[in-house]
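K.L.:
Put together the whole structure using the sequences plus the hints.
If you read the sequences in order, they're chains A and B.
So in the numbering used here, spot 556 of the first sequence is number 556, and the numbers just go up one at a time.
So in the numbering used here, spot 187 of the second sequence is number 187, and the numbers just go up one at a time.
It is worth saying that the hints were derived from the structure and are not from the lab.
These figures come from a predicted structure and were not determined experimentally.
A few of these clues could be false.
[Stated by the list, open to error] Simulated crosslink set (DSBU-like; lysine-lysine; CA at most 35 Å straight-line):
| # | chain 1 | residue 1 | chain 2 | residue 2 |
| --- | --- | --- | --- | --- |
| 1 | B | 622 | B | 58 |
| 2 | A | 430 | B | 350 |
| 3 | A | 430 | B | 297 |
| 4 | A | 350 | B | 323 |
| 5 | B | 287 | B | 357 |
| 6 | A | 279 | A | 524 |
| 7 | B | 245 | A | 430 |
[Stated by the list, open to error] Partial selection, computed: residues in chain B whose CB lies under 10 Å from chain A:
| # | residue |
| --- | --- |
| 8 | 80 |
| 9 | 81 |
| 10 | 203 |
| 11 | 268 |
| 12 | 298 |
| 13 | 304 |
| 14 | 339 |
| 15 | 345 |
| 16 | 484 |
| 17 | 521 |
| 18 | 522 |
| 19 | 563 |
| 20 | 576 |
| 21 | 579 |
| 22 | 587 |
All C-beta atoms, glycine included, are put in the ideal place defined by N, C-alpha and C.
Listed below, chain by chain, are the residues.
2 protein chains.
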Amino acid sequence: MYGWTVKQWIDFHYQSTPDDSLKLLVQLVKDQSTKDAAWISLASIDQLKHQWDFLQSKSNKLDLPLYGVPVAIKDNIDVKGFKTTAACPSYAYDPLQDATTVRLLRDAGAIIIGKTNLDQFATGLVGTRSPYGITPNTFNSKYVSGGSSAGSASVVARGVVPLSLGTDTAGSGRVPAALNNLIGLKPTKGIFSCSGVVPACKSLDCVSIFALNLKDAQLAFNLMAHPDGSNDEFSRPSPSNPLLKFKSNPNILIPLDLLWHGESENPKLYETAVDHFDKLGANLVSKSIAPLLDLAKCLYEGPWVAERYAAMKDFYKSNPPAKDLDPTVTKIIKGGESISAATAFDFEYKRQGILQKVNVLLKDIDVIIVPTAPLTPTIDQVSNEPILINSHQGTYTNFVNLADMSALAIPAGFRNSDGLPFGITLLSHKYNDYALLDLASRYLKVYHDKLSVPQFYGCLKNKKITADDNNDLIPLTQLPNSVLKNSVNLAVVGAHLKGFQLHWQLEAVNATFLKSTTTSSNYKLYALPKTGPVAKPGLRRVDADGSKITIEIYSVPSENFGKFISFVPEPLGIGSVELADGSWCKSFICEEVGYNLKGTVDITSFGGWKNYQNHLSEKDSKKLKPF
Amino acid sequence: MYGWTVKQWIDFHYQSTPDDSLKLLVQLVKDQSTKDAAWISLASIDQLKHQWDFLQSKSNKLDLPLYGVPVAIKDNIDVKGFKTTAACPSYAYDPLQDATTVRLLRDAGAIIIGKTNLDQFATGLVGTRSPYGITPNTFNSKYVSGGSSAGSASVVARGVVPLSLGTDTAGSGRVPAALNNLIGLKPTKGIFSCSGVVPACKSLDCVSIFALNLKDAQLAFNLMAHPDGSNDEFSRPSPSNPLLKFKSNPNILIPLDLLWHGESENPKLYETAVDHFDKLGANLVSKSIAPLLDLAKCLYEGPWVAERYAAMKDFYKSNPPAKDLDPTVTKIIKGGESISAATAFDFEYKRQGILQKVNVLLKDIDVIIVPTAPLTPTIDQVSNEPILINSHQGTYTNFVNLADMSALAIPAGFRNSDGLPFGITLLSHKYNDYALLDLASRYLKVYHDKLSVPQFYGCLKNKKITADDNNDLIPLTQLPNSVLKNSVNLAVVGAHLKGFQLHWQLEAVNATFLKSTTTSSNYKLYALPKTGPVAKPGLRRVDADGSKITIEIYSVPSENFGKFISFVPEPLGIGSVELADGSWCKSFICEEVGYNLKGTVDITSFGGWKNYQNHLSEKDSKKLKPF
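P.N.:
Below, the structure is given as structure tokens:
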């Protein structure tokens, strides 16, 4: 069961009796111990049984996308039945209800097996700032796990659970992913509810996902992307048509001015990863990201630490025992007390000014690739320089939520010197979360057989990634919560079909392929005389002597349909077509004047444009053989 | 020249020699004096001549939309050649360049004749807080003018200039408009650049417009709505397709819980105004606006006053002479020093929480109508209770920029007791600035002959509003900066024509009428057999025996085209049509199978659907006459 993906857990449950399933979960929890610094608390057997029985009581349980999947939750996110400590014993409280994100996972069938360790009050990127102990790196215990979601990364990397939740204000969901060879998804701010999360910087906080593969991260994202305005002040609904894919050759910014703070090995791994994207057909653009690096400095030089103080001031005023307080964290947070509102506004003006420059910088850019964290530090290095190393690690994470971006941390190979993993983060504009997953899938799939791309996730060296499923994504039409809500289904007949010259126009309006089918048998198809570089057919509805014509159906975001229709020249138009199943859908149609033109050929007998074009190329190739 | 609108000034210049024009402008400035508390500084004759000569040097001067129009600028907005004082003598400085908004007006031909008085540092809604004197109300000098843009309202209300700029953080561009019977336009935050404006609350500040009629306000808005990201941190571009009109029966929220703070006459005027909107066909919805009133309290109880301190702290630290400092303003602004960043963030969380409730409250609401200011105070009343009355006046203005709304203050009649004007403000979601102007135009036009609606603007009792131009708007297609940028031009042929059953579908997608015209002579028109409640025609392109068919062309915002095409049933579709002038445009087209149906009638000879329908109704009416 160690290293199972979501699918493998569900498959196991489908093939087992409920009792056997419970037995396995119990065994899993019994294997764990809170002596393992990754855990702060574990489910009791009763708690486990209670969760399982409740799941069994659900009539639709077998349809639940996380049916019986064990999940771990960072201990600054409320789970009913578990204390919430935020890694501070005297701060602990019993939450009255689940955090919204936890409820959404439980509603989907997940079983919460424990709460994981973190840098106290989620203040750190190292995983060493907790009275519950230092969470070691899963590859080498002399190295840090990264933080602040240290435990959540550790238990996924060791395959204990396929999914865990972290939180990510300034990188806490990405740095531990990089240092433990995992997928770390930081959603666009506001898309996951932060209701039931102990605030760090409430205006920047995000719940994040650790997973062993893209598919599980995509599923968890789809399940938790849910507006929660009545519980979370900063909740925002996802757009009804989020960007699902970047164009085939996305513009990717590769920063000119990367700072590595003395690290020499990771830059090579970074360059290798960038080289892969180059070969993927991306359009690489080298530019300085100075405005973003300026923004990163604002996070710790500016007032946002006062948000941490605003969140913790009453607790500190209750004079908690010193032994419970991590000294570095306490010093940082208490530093927020003296900052004035005037300074807070001055820095907000500075941020807005920088964001104007960022808008210009990223105007035609789809993605930025940054090292997730420049360094791979040992525990000793961090204890010698707790503030400096932590700040270096935030170089490429601190600015992301201040600039309201989406981010996906993915594995990018292993260091020769010590075998530890390195990771890169794909950054994009807000709401491009699905498009980042798609780009990562293309990157990991195309290169999964090259040594430079991990053959395994986490530290599960013996669990080879198989090309068939581990880097794929769930087809968009099969996601539990539809991402194609505000769209127009459009049937295409000719030059827009896959592989034909105008297919790019569908990509340009973010259309999503739904299915191939045929029209009803009331149609004729004509090859229209060529009036330009692209040959096109004309579809004609008839009352008799018609036939079924092959078509492809795409979902076009409604707000992009105006752009698409401007591509459609006369005599073609967009009307409606009757499908084989008798339903109707928008489709290319052709004016009578079009197929009445001299030179028009009735190609109905070929049943479709692709067959007709194959016929023409066969005819041409026969002509070429003189003997 | 007193009371002239923009058009009247331009007409005068067109019919005069440049010298006569300059003479009139010089006369206008000579009539003014800084003893009039509305003015802080006036253009010297040389300055005036310099501006005029520079204007004359422009080759396209006669095409400039504000050619030679005199304008006044609030003295917290930089105008090169004039000191900027913000109504504080020792704060005064010589700006190196115009504020962006001023530059845009000058580029359009405006002549700046002077800088107007204000509540010091734009901190007040009363117009009594200035070492340069109290600006009296233009109807009765015992009453306040309202602030903080007191002088800018006064000089427009007295007809000295047709346009002036104010600023509006929490009502300073609306309250003086109400108290002086003017149009006061507060744009959506960020659409007008605040570069070159002395900051009050930089995150909330807006430059605003005072005008004698809607048309001039619309023109000035169109000229100044310009992204300025490199100079103004909070600059935001307008959407490429802003909402231009609300539907014909907009949902208008009438607050249940209006607070009048002891005022008894203004509520009646408010009810009369609301009654007019009822008769206009609006759908009035009574609801509490408690969340918005809570938000208003945040402005003065919360940290935003620290923005004023952040802006002025260095100046106060220079120990300016006490005689230059308005005591009330100084006390308010210095109060911002002690507020902590933690409190600032706490209130930001509170604001975001309230805004979630506001989103729910306004989900299906197009507009809210509020009294611009509850009270019509005398100067004595304000001097007795400077803070209390000022805070009452902000009841319906304070929350607007905190909630990121658009606002238009319009006149709403006169009080019987003292003859002073009363005003209402139309509030809407951000970016609905044009739609508010359109709604106001419908309100003022429909009722301009009823006594309840002002027969004159400002205090120009003898300058009757003529129905023909004063409440009209400039046709959208004639605005200097296009508002129809990202749109698809669509020709409609039948049921979508003005006055026909499906015209509402064009309104539902915010389409804008462009023109009536005809197709080229290559078309036939058929009355299709009725398949539902609405009769429809089918347009057919032919190579011979065609005719010109009458059509109407609309501009449909591109992002709404997907919604529109979902309205279009088979056998109709959207293709392209050749117009009379040989150009092509998207249009309704019809599949052959449509006009081949039994019962189809060739109506080409009628030249269009409207003629054919008239023919049918004439036929029907003849049938009804038995004798």
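K.L.:
Now look at each hint and say whether the structure bears it out.
P.N.:
Going through the hints against the structure:
For the given pair, residue 622 of chain B sits about 63 Å from residue 58 of chain B by alpha-carbon distance, which is inconsistent with the 35 Å threshold. Between residue 430 of chain A and residue 350 of chain B, the direct Cα distance comes to roughly 24 Å. Compliance with the 35 Å bound is thereby established for this hinted pair. With a C-alpha separation of about 32 Å, the suggested pairing of residue 430 of chain A with residue 297 of chain B holds against the 35 Å cut-off. Our distance criterion of 35 Å between C-alpha atoms is met by residue 350 of chain A and residue 323 of chain B, whose separation comes to about 33 Å.
Proximity of residue 287 of chain B to residue 357 of chain B is assessed by CA-CA distance (about 13 Å); at most 35 Å being required, the pair is judged to hold. For the hint pairing residue 279 of chain A with residue 524 of chain A, the CA-to-CA distance comes to about 43 Å; that exceeds 35 Å, so the pair is violated. Of the pairs offered as hints, the one joining residue 245 of chain B and residue 430 of chain A holds, with about 30 Å between alpha carbons and a cut-off of 35 Å not exceeded. Interface hint status for residue 80 of chain B: violated, as the beta-carbon distance to the closest one in chain A is roughly 23 Å, over 10 Å.
Proximity of residue 81 of chain B to chain A is violated relative to the hint, the smallest CB-CB distance being about 28 Å (cut-off 10 Å). Look at residue 203 of chain B: its Cβ gets to within about 6 Å of chain A, closer than 10 Å, so that hint holds up. Nearest Cβ of chain A to the Cβ of residue 268 of chain B: about 38 Å, over the 10 Å cut. The hint is violated. With 10 Å as the threshold, the beta carbon of residue 298 of chain B stays out of range of chain A, its nearest partner Cβ sitting at about 13 Å, so the hint is violated.
Taken as an interface hint, residue 304 of chain B checks out: its beta carbon lies about 8 Å from the nearest beta carbon of chain A, inside 10 Å. With its C-beta approaching chain A no nearer than about 4 Å, residue 339 of chain B sits inside the 10 Å limit, and its interface hint holds. With its C-beta approaching chain A no nearer than about 5 Å, residue 345 of chain B sits inside the 10 Å limit, and its interface hint holds. For residue 484 of chain B, the shortest C-beta to C-beta distance to chain A is roughly 12 Å, which exceeds 10 Å, and the interface hint is violated.
The interface hint given for residue 521 of chain B is broken, as the beta carbon of that residue sits about 14 Å from the closest beta carbon of chain A, more than 10 Å. Taken as an interface hint, residue 522 of chain B checks out: its beta carbon lies about 8 Å from the nearest beta carbon of chain A, inside 10 Å. The closest approach between the C-beta of residue 563 of chain B and any C-beta of chain A is roughly 6 Å, which is under the 10 Å cut-off, so the hint is satisfied. The closest approach between the C-beta of residue 576 of chain B and any C-beta of chain A is roughly 4 Å, which is under the 10 Å cut-off, so the hint is satisfied.
Given the 10 Å rule on beta carbons, the hint for residue 579 of chain B is violated: about 12 Å separates it from the nearest Cβ of chain A. Restraint check, residue 587 of chain B versus chain A: the minimum CB separation of about 8 Å is within 10 Å; hint holds.
Figure legend: structure checked against the earlier numbered hints; hints not met, in rising order: 1, 6, 8, 9, 11, 12, 16, 17, 21.
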